[in-house]
Structure formats: C-alpha cells, structure tokens
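A.B. asks: Line order of the protein sequences matches chains A and B.
Residue 150 in our numbering sits at position 150 of the first sequence, and the numbers go up by one each step.
Residue 84 in our numbering sits at position 84 of the second sequence, and the numbers go up by one each step.
None of these hints come from the bench; they were simulated from the model.
Simulated DEER-style distance windows between Cβ atoms: (1) A:61 <-> B:93: 44 to 52 Å; (2) A:24 <-> B:54: 22 to 30 Å; (3) A:36 <-> B:135: 21 to 29 Å.
Derived DMTMM-like pairs (lysine to aspartate or glutamate); straight-line CA-CA distance at most 20 Å: (4) B:62 <-> A:36; (5) B:192 <-> A:15; (6) B:192 <-> A:19.
Glycine included, each C-beta is placed from N, C-alpha and C at the ideal position.
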Amino acid sequence: MENGMIDNYVPDEDDRALDALFQTMRSFSPHPGFEDRVMARVRTPSPVWLQRLQDWGRSIVESRRTRWVARGLVGSSVISITLVVSLLVTNGAEVSAFLGSQFGGVVLGVWRGALGLGSSVIRALYSAVGGGAVSVMALLAIAALGSLAMLFNTWALYRLMQPRGAARYSRDAVAL
Amino acid sequence: MSTPLDLATATDQVVIEQAALGHERAFRELIRRYQRPVFSLIYRMVRDRELSEDLAQETFVKVLNAIDRYRPEYKFSSWIFKIANNTAIDHLRRKELDTLSLEGGPDATTPDRVSATTLQIGDRGETPLEELEARELGSAIERAIGKLRPEYRACIVLREVEGRPYDEIAEILELPLGTVKTYIHRARAELKVMLQSIRE
Chain A
1 MENGMIDNYV PDEDDRALDA LFQTMRSFSP HPGFEDRVMA RVRTPSPVWL
51 QRLQDWGRSI VESRRTRWVA RGLVGSSVIS ITLVVSLLVT NGAEVSAFLG
101 SQFGGVVLGV WRGALGLGSS VIRALYSAVG GGAVSVMALL AIAALGSLAM
151 LFNTWALYRL MQPRGAARYS RDAVAL
Chain B
1 MSTPLDLATA TDQVVIEQAA LGHERAFREL IRRYQRPVFS LIYRMVRDRE
51 LSEDLAQETF VKVLNAIDRY RPEYKFSSWI FKIANNTAID HLRRKELDTL
101 SLEGGPDATT PDRVSATTLQ IGDRGETPLE ELEARELGSA IERAIGKLRP
151 EYRACIVLRE VEGRPYDEIA EILELPLGTV KTYIHRARAE LKVMLQSIRE
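Excised from the complex, chain A in its bound form (with noise of 0.2 Å):
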C-alpha cells in the first residue's frame, strides 16, 4: 500500500527546498596518506610467477631433491662451458679477426694468450692419453661419454619435473 504511495508520490515545495540542500552536500576526504595507510596493513599477494617460483623452490626443499638439482646444474653446466670452449677453439682465426677489428690490440692479446693456454693445455692432455695425434677410439669415447652425459641430465631435469611423490603413486597403481 505505502510503496504504491510512493511510487506515485508528487514532490511539493518543500521537496524541491530539500532536493537544493542535498545539492549542497559535499563529498568528504580523509587525511592525506590515507591510501599508504591502508597499504600498510593490506597484504598484497606476490604475482602469480612468483607465486609459482616460490613453490617449486619450496617443494624442492621439501622433497629433498636438492641433490638432482645440484646434479642437474653442473651436468648443465659443464655441457654448456664445454661446447663454448670447443666452438671458440675450433674457430680460433676468425674470432681472432672479430676481436682485432672490433676490440683492438688489447683484448686480441688477451684472446691470443688464453688461446696458447688452452692450446698447451689440450696438447699436455693429448701427450697424456699417448701420442700426438686423438685416435679415432679415444674421439668416439670423448663422444660416448658426452652423450652419457646429456642422457643423465636429461633424466636428472625429468625427475625434478615430476610432482612430488608421483613416482611412488605410479608404484602403488602398478602393485594394485
């Protein structure tokens, strides 16, 4: 009944007086800093990668798998340090030449002279193995045990992939 009154409700003087004075209202601010304030007790979550980084480290060291990590990174990284090293060696001369045109006298000495040491190094190395020259064995044992290498890395990294625990699951569905 009364919601039909208002519904059909026609504004008098005094309505119109008050809608004025509304008019007049104004909106009020805090004191400034207030948004510093609030911030300081808000708890902004970490952005979703982090979150995810976050995790994964946590879970590592949780799961003690710190030790294929470790294993992972040097594997990684003595593949990595080994391929640069065998692309700058056997391609001596022309990064001699991109040194000394861009660089200058400076660091082509310093190139020449890391070269000579690495050179007498590999050459003490090979004088060790017995001769000269590499035989074509001992290349194709340098190549086996480089392969070796990638296939423990590769299955070290896939380990560390897994989720915690998954390995024993899939043991347990396999004895069901």
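Got chain A sorted already, so can you dock chain B onto it with the hints?
C.D. replies: For chain B alone, kept in the frame of chain A given last:
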C-alpha cells in the same frame, strides 16, 4: 610486447582482476576511486572524523584482503558500500551498548532523580578536529541527517548524496526494495519537518 595497462581509465572489473593477480598499483587505484565515497558514508554515519578514518581503513583492509573472493556478478561499489555500512553499523551498536546515559540514570523516575544522576561535563574548548567537524557537518541539512535513525541515514546518504539507484541500495543494505523506498520516503518526511522548524 604488451603495453602497460592504464588503470586510471580501466573499468572496476579490470582493476580488480589486476589486484587479484597481485599488482599493487591496482590496489592503490581501488583505494583512490573509493576513498571519498566510503569515507563520506562512514563519516555521516558516525559523525566523528578520526573514528571514520579508522573505520574506512578497516573497510578497505577487509575488502582488499578478500579481493580474490570477490564475485564479479555483483557490482564492486555495492560490495564495498555494504562492508562500509556494516562496519559503521557494528560500531554504532557497540557504542550504544557502551554509552553512559548523559540524561540521568536508567532508574531515575522523578525530575529530581534525573537531575541528580545527570552526568555533568565541564565546558571544554573545541579542539581543531572538533572545529573541522563542526564546519563540515554543521550545516542544517547535515545536522538534520545526523538526527535520523542509522538505517534511514544510510538510505538517504546513499540515495541523495552518492546517487545510488534503489535496487543497489537494497543490495547494499540487504533490505527488500520496498523497505528501502519506504525508509527514504520517511527519512525525507522527517528531514522536511526538521528543516521547517529550523526555518521558522
């Protein structure tokens, strides 16, 4: 490469999505957008500047800490006003329980007894904050609104000052639409009487 999002011109929904992803800039943008209306509503409800700051802060902390639980099918403004109003009403209820009557003890039945139990407060000078409050809330309309019942006050402020539609006020105050219309009608009638007596 994606261009940085201009949060100042983005919709509430976009800003909230960014806040839920943990971007501090989005939290600050929400505070910037709503600090004035939220503070104004609470200030008119409790009529104490310092306390309103605390309650407004409490409102924002509640809202922003629960931003990942916000349901986008509701308007963000309704959600934040609802929390602000509930925070203010909770405070007024607590205050009502704690208030010592200044107009005589509850067992005072005779004028002498009322006079004997009335709490006497010395005339102390106004602090700068009280002066500011008197200036801000001292106009006839502000004083008249301050005399309304809290539920009428919330309705009239949301409708006439913040310009919220009836259905949103019903959602904010968790009242039926008809009740909101009735409250606003009655509040206006009371205000007209109060302001008429001031004019006469």
